[in-house]
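Top line first, the protein sequences correspond to chains A and B.
If you use our numbering, the first sequence closes out at 420, no skipped numbers anywhere.
If you use our numbering, the second sequence closes out at 1245, no skipped numbers anywhere.
Note that these hints are calculated values from the structure, not bench results.
Even glycine gets a Cβ: it sits at the ideal position worked out from N, Cα and C.
A couple of the hints might just be wrong.
[Said to hold, decoys possible] Computed, partial: chain A to chain B, Cβ under 10 Å: (1) 164; (2) 173; (3) 182; (4) 227; (5) 256; (6) 292; (7) 304; (8) 318; (9) 378; (10) 380.
[To be verified] Straight-line Cα separation of at most 20 Å, SDA-like style, residue types lysine to any residue; simulated pairs: (11) A:39 to A:106; (12) A:127 to B:1069; (13) A:97 to B:1133; (14) A:50 to B:1110.
[As the list claims (entries may be wrong)] Quick list of the computed label-pair ranges, beta carbon to beta carbon: (15) A:393 to B:1168: 10 to 20 Å; (16) A:88 to B:1168: 49 to 59 Å; (17) B:1144 to A:276: 50 to 60 Å.
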Amino acid sequence: MKTTKLLFSVFFIISLSSFSFCSPKYTGNSKTVSAIELKNFRALDFPYDKGESGLLTWENTSDIMDAEFTVYVSTLSDNSGWIKVTSFKSGESTAEKINLPFWSFEKDKKIYAVPLEFNNILSSEIKEPLSYYAKVEVLKSGKKYETSVLSSRIEGNWFRADRLNNLLFFLVVSAVFFIAVSHAKKKGLFIRRIAGLDAIDEAIGRATEMGKPIFYVPGIGAMSQISTIASTFVLGEVSKKVAQYDSYIKVPHYDPIVMTVSKEIVKQAYTEAERPDSYKEDINVFISSDQFSYAANVDGMISREKPAACFYIGYFMAESLLLAEVGASTGAIQIAGTDVDHQLPFFFTACDYTLIGEELYAAGAYLSREPMLVSALKVQDFGKLIFMVSVTIFSILLLIGDKLNWDGLSQILTDLLKVY
Amino acid sequence: MSEGMIIFGAWVAAALTLFLFSFLYKDNPFFKVAEHLFIGAGMGWYFQTVYYKIMVPKILEPLNSGTGFEIAMVIIPSILGLSLITQFIPKISWISRYGFTFLMGYSAGMAIPVGLATDFMNQVLGTIEPFANFFSLSGFEMFNALIIAIGTVCVLFYFFFSVEHKGVGKKVSNIGIYFLMVYFGASFGNTVMARFSLLYGRFDTLVNYSSAKYLYATSWIAAGLTLFFVAEKLVKTLTKAESAE
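Bound conformation, chain A alone:
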């Protein structure tokens, strides 16, 4: 009997101690946990996201003024598997700190809002809609309280209202584009003189007189790059002039897709110049898709064939100086154009004319005067005008807001321009 009692006591003690090990541990002075009701305590799906986050909100009331909050979440429905998300003091993590613009989320300082980023919490990518459970532990005057458990479901949103500013701007730009196209077709639009492009005629004329070829290097960009697209427009106009003067052009390529597009463009240009018979398939040649092999071979071709004019127009990286330097050493007249800002200095040093960034985009429109291209250029100018006006007006408004302590004004202005 004694042995049975002893065994029972040992079992009882072990059970108690193991229970205490398994139950949640709370740090701090207090060990008692009572229930608490937070006003308007809600578990939500985070608005306008891919479906990776939830949101817990509750109102700041006088009884929780000096409290400290700890948020727990779980994806299990049996009140287990709680994971601590964050811990903060009263006044922190309010709705105004949520990274959403004023038109899609009410940024009220009196409301606590805790985003629950499940990608980070669960350390795995959330691909499917997910149900979660959440509770908040409140530490107040050394005593701990716990809210009831709320549940919600997170899923992706089809419409990103937070990006409404981007959409509106896109619609305005599109509208301006169509207005500009119609205006350009009816009356034509003014474009100021661009020196580098005026020199194209001079370069082709020189090549014709000297009986030497013209090299047109479209760079190492893919067809999806804006500078490559702009380069193909310039290539079309240069080829047309080459065909008219009955000169010879050579276009070495890095990208096979760009070569295919360029072939069509050059063929079309020769046809438009009424010289389809002068078009040769070997005008466009593929060299290599490796940057420096391409540069080495184009350098070799330039130094051997000694062209009268070299055009480097498109997307260039480290090969810019390698190409332009060799071209300069052969005495060719050189015209370059790229939107890669850190390569432009090399073209400045080695070329006669350089088209800087936007001038390259303008080149196609400037040379062809095609209404569609001119309109596109006008839309770019419109964008620049909006930019300049926005910077000027918004800067003044922000200065006034800062001077007069109008926080709301700066919030509205920055939200309007922020990318979410």
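The hints should help you fit chain B onto chain A, whose structure is shown.
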């Protein structure tokens, strides 16, 4: 790797480097050898990279082990990609338009919202943001914020093509050019320093390969090249003299 192979590798590396450097003197057969080898090796490397990094994991493996939906998601883009090759067959080259149309549409769809966001909205916000708390900034920060705003507007005006740059416009545009030149100068210096560091790396390798461990690879090849150029010059001079006589 065996000792012999290491020495052979050093000779090849030193030779190709010097052959390419020889272009600084003039175009020559050694440069042509290196140039064509470079193109061949470059394309070979590019092909295997595309095959093992794109075709195998993105096409062949999903086709072998994917579900019906995954296979469809591989087959459709693959067919669009293959359609581009029809460009080389004039009779059916029209098929390539489907691939190109998709490519252009996809690129435009990706680029336009991102372009608007980064080139416009982020840029404006970045320029004006310091003005939101301008009066709590230090003197230097205030000056910085003003310089950035003025510089941005002036540079942008330089790229404004709809009006002739004359009068006040000319002055604003000129200020823009000064800002651009300062940037380009700094960028030039920065890139030249980076290029020099690459050149030092190459020189360091050549110096290493000129040691006894590599059987004086650099020295022998440099001497050979020099001899070739001297002999070539002599032959040319003699031929010229003979033809003059």
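Structure-based check of all given hints:
This hint is violated: residue 164 of chain A has a C-beta 12 Å from the nearest C-beta of chain B, more than the 10 Å allowed. Interface restraint check for residue 173 of chain A: the shortest CB-CB distance to chain B comes to about 7 Å, inside 10 Å, so the restraint holds. The criterion of a C-beta within 10 Å of any C-beta in chain B is not met by residue 182 of chain A, whose closest approach is roughly 17 Å, and the hint is violated. Because the smallest distance between the Cβ of residue 227 of chain A and any Cβ of chain B comes to about 12 Å, over 10 Å, the interface hint for this residue is violated.
Hint status for residue 256 of chain A: holds, given a least beta-carbon distance of 8 Å to chain B, under 10 Å. With its C-beta approaching chain B no nearer than about 7 Å, residue 292 of chain A sits inside the 10 Å limit, and its interface hint holds. For residue 304 of chain A, the suggested interface contact is upheld, since its CB lies about 6 Å from the closest CB of chain B, less than 10 Å. Because the beta carbon of residue 318 of chain A sits about 8 Å from the nearest beta carbon in chain B, less than 10 Å, this interface hint is met.
The beta carbon of residue 378 of chain A comes within 7 Å of a beta carbon in chain B, closer than 10 Å, and the hint placing it at the interface holds. Of the supplied interface hints, the one on residue 380 of chain A holds, with its beta-carbon coming within about 8 Å of a beta-carbon of chain B, less than 10 Å. Annotation: proposed proximity of residue 39 of chain A to residue 106 of chain A holds, straight-line Cα distance about 17 Å (limit 20 Å). Taken as a hint, the residue 127 of chain A and residue 1069 of chain B pair is honoured in the structure, with Cα atoms around 16 Å apart against an allowance of 20 Å.
For the hint linking residue 97 of chain A to residue 1133 of chain B, the alpha-carbon distance of about 18 Å falls within 20 Å, and the restraint holds. Between residue 50 of chain A and residue 1110 of chain B the alpha-carbon distance is near 17 Å, which keeps this suggested pair within the 20 Å criterion. In this structure, residue 393 of chain A and residue 1168 of chain B meet the distance hint of 10 to 20 Å, their C-beta atoms being roughly 19 Å apart. Distance hint for residue 88 of chain A and residue 1168 of chain B: a CB-CB separation of about 54 Å, consistent with the stated range 49 to 59 Å.
Separated by about 58 Å at the C-beta atoms, residue 1144 of chain B and residue 276 of chain A satisfy the suggested range of 50 to 60 Å.
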